[in-house]
Amino acid sequence: MKLDIVIAGVGGQGSVLASRVIAQAAMAAGWEVRTTETIGMAQREGSVVSHVRIGSQLYGALVPDQQADILFGLELAETARALMKLKPGGVIIANQGKVVPASVSLGLSHYAEEPIRESLYQKTKRVMLVDADALAMEAGNSKTVNVVLLGVLSALAGLPFRRDDLLQVILESVPKKAVAMNQEAFERGRKIGVTFHDRK
Amino acid sequence: MEKRLLMGNEAIAWGAVEAGVAVAAAYPGTPSSEVLETLSHLAPEYGFHAEWSVNEKVALEVASGAAYTGARALAAMKQVGLNVAADPLMSLAYIGIKGGLVLVVADDPGPHSSQTEQDSRKFAAFAKLPVFDPSSPQEAKEMVKAAFVLSEEFHLPVILRPTTRTAHMAQDVAMETANLPARDYRFEKDPKWVIFPSLSYKKHILLNQAQKDLAEKFSHSPFNHLVLNPESSEGIVASGVSYNYVMEACETLGIHPSILKIGTPYPLPSQPVLDLFAHCARILVVEEQEPVVEDQLIQMAWKEEAKIEVSGKQDGRVPREGELNVDKVIAIIKAFLRQREPKDLAQPPHAWVQSTLGTMETTEAASAVEAAHEHSFELPPLPLRTPVLCAGCPHRASFYAFKEVGRRQDAVFTGDIGCYTLGTIPPLDMLDTCLCMGAGVTQAIGMSKVEPGRKHVAFIGDSTFFHSGIPGMINAVYNQADITIVILDNRTTAMTGHQPHPGLERTATGPNPKAIDIQGIVKACGVEFVREVDPYDLKAMKEAAREAMVYKGTAVVIAKRECVALVKPEVKYVVDPKACTGCELCLKKLGCPAMAKDKTLVVIQDNCSGCGICSQICPQKAIQGVSR
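Chains as they are written, first to last, in my numbering: chain H, 1 to 200; chain U, 1001 to 1628.
Bound-form chain H, shown alone:
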């Protein structure tokens, strides 16, 4: 067994937390894990790509191009930016929400939402694009986008870790007062995830 997941997002969206949570759930199931990040020189707002590898007899943490089984995207354009990591026929679980960078407001670049969204479907048929921003707000905080998407992930069949382990690790790694909210975010994501599963 070997599972490679690439997580793409913007600094401050919690992609590092998501990678650690997945890795810990996999460790609880007895697998070896590796995670790492490629991160820009800023506290916030830059592109962040996290790599998670699960299996036995692992070496480095960086997922080679065209090897990721799952592309987990917290932001639309960042998901597209990491598409070269996804293997043919791989799964995309992503937020359709955008974080528009300052360069767009300044007229230095353009956020072509429709072509970007299209590119995901061109790459693979297995796309689970959800409005994680809205689900996170419904759960009580826009910052739970990562947990909503982890909920969507948990609905995938054949993961090498248990859904309950994943949820438990999440709840252990958030502040006490945010536990209920994160559980809610996870469940909302999971429900949406199951509908994708049914369609397939």
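Any given hint could be a false lead.
Listed below are the simulated SDA-like cross-link pairs for lysine to any residue, each with C-alpha atoms no more than 25 Å apart in a straight line [claimed, not checked]:
hint : chain 1 : residue 1 : chain 2 : residue 2
1    : U       : 1003      : H       : 59
2    : U       : 1568      : H       : 172
3    : U       : 1597      : H       : 141
4    : H       : 98        : U       : 1597
Per the computed footprint, the stretches of chain U lying under chain H, defined by three or more beta-carbons under 8 Å from a beta-carbon of chain H, are [as the list claims (entries may be wrong)]:
hint : segment
5    : 1323-1332
6    : 1586-1600
Coverage of chain H stretches by chain U, computed from C-beta distances (three or more under 8 Å per stretch; other residues unrestricted) [stated by the list, open to error]:
hint : segment
7    : 44-55
8    : 58-72
9    : 77-90
10   : 96-103
11   : 111-122
Bear in mind the hints are in silico, worked out from the structure with no lab data behind them.
Note that the Cβ used here is the ideal one computed from N, Cα and C, for glycine as well.
Add chain U to chain H, keeping to what the hints say.
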């Protein structure tokens, strides 16, 4: 055995705790900061001293002082930090130590967040000190413990050199028992601790002798291992994290060359290399940065008169710049195999698959990877996402004020190392220079001496000021430089993860009752023009900028306001759509990531942290604060 998910730097910290470290000192720098970050959390429980030192030279000297007494000590820094600590390091190699002294230096090939891609293994060879090169967090933890033992055996500091990809890789790591430091360390007086030239000469002989002994010792180290394939006449040597890429590349390509993993790149262990020579006709050396292993291997081949073809950096096969990864290593290995016999060069590109040697054939998997790459697919244009100063960052306000005041004067704005280096990005376009820690102030002095009619303004952060800005400021006063120094005091070391510094009320492990007042230092150094201003008060900031730049002599403006990442905003700003004329002045001048355009009007998003600079520059007074 308990396993934990640990980042390489955390594993290094735990290795030190398992080795019974008594003193740990560091100055933060990506990718090394989490070593002391972790140790500072563990120090109270395990009874050792952990400190953020004011700079890397200080950190290494503090650690070496402890090691003189017989205690185990660790110093941690990034590669450019070792430049600052080079002075004590070079002499420590001669003088030696008593307790184990481990110097963790994290290198940053890429570079991801550094000024250089310098290779600290080369620094180790220059200082004639042994160096470990971990390939994973688990190995890094084991190496720290081995490094302490080796340091005490040879009475030399030992360097542990992770690269970014090991320092910032997390893995399931097996935990072992922590050891508390002893309490009976004592410095024994002895002339051997005083580095006179006559002693240096004698010590140098011993140090040179130790090189051979270390190479011999490393021949039996578990961190170097050779897996020979008697069927293959080709071998790959990999140092540190490159080993992972080589193993995965060989797996993908389905090939089985002999593989020598090197965990101690200097001095290169002789025995496994000689064993490899005995079996191979061609050797590929894969390592990041400089050809440290490769050059030693070539020397050894020449000395042994071994008839071996060595490929790597010297023949341009492996790049010296940037970080390696599996994809790059696959391409490198393929090219290496393709050239194994001159006749193969004339054949079509994939002919090497059917090579007569037969032992390194590729599999279907490799062909699949190749096919996939050929069908790489076209992405639509994506928005540019360069790192920017956070919404509400006080540095933005300081830069904006000085830009407004200085732009008509053709002023030069020298910069330094920290988040504020991002001030160079449009639309602020501030900071005309950035070299190394502390150089903003001193380069402004140099410029001012040859451009007397021009204004020179040096920006430096609070932590950088303590690190190496103070000598530069004293130099400015002493040598009567007509410059303005702006200390961007955001009350933290922001870029590396908010470590404390001597100006704050906390240390690495607890409260600091004697926080050092920056204004007091500036005045004590003889600066007569000093203004402390809140950069969120744009009018006052511009006024201070104007006065400082008119002032003849060294002027200091302290822009004091806590980093936005550390405070919870109480207000946010909103644009009144009736009053906004869509002039976009706020957008175009500030480049704040909270501001966006919605059709013709400007809107402020939820990441606004309430600095209010936009409302202060809006010509229509269309932006107002509301409580959150």
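Taking the hints in turn, this is what the structure says about them:
1. U:1003 - H:59: Judged against 25 Å, a Cα distance of about 17 Å means the pair holds.
2. U:1568 - H:172: Holds, at about 23 Å.
3. U:1597 - H:141: 24 Å, holds
4. H:98 - U:1597: 14 Å, holds
5. 1323-1332: holds (count 4)
6. 1586-1600: holds (count 8)
7. 44-55: It holds: at least three residues are needed, and the segment 44-55 of chain H offers 4 whose Cβ sits within less than 8 Å of chain U.
8. 58-72: Result for this restraint: holds, n = 7.
9. 77-90: holds (count 8)
10. 96-103: holds (count 4)
11. 111-122: Result for this restraint: holds, n = 7.
When the structure is compared with the earlier hints, no violation turns up for any of them.
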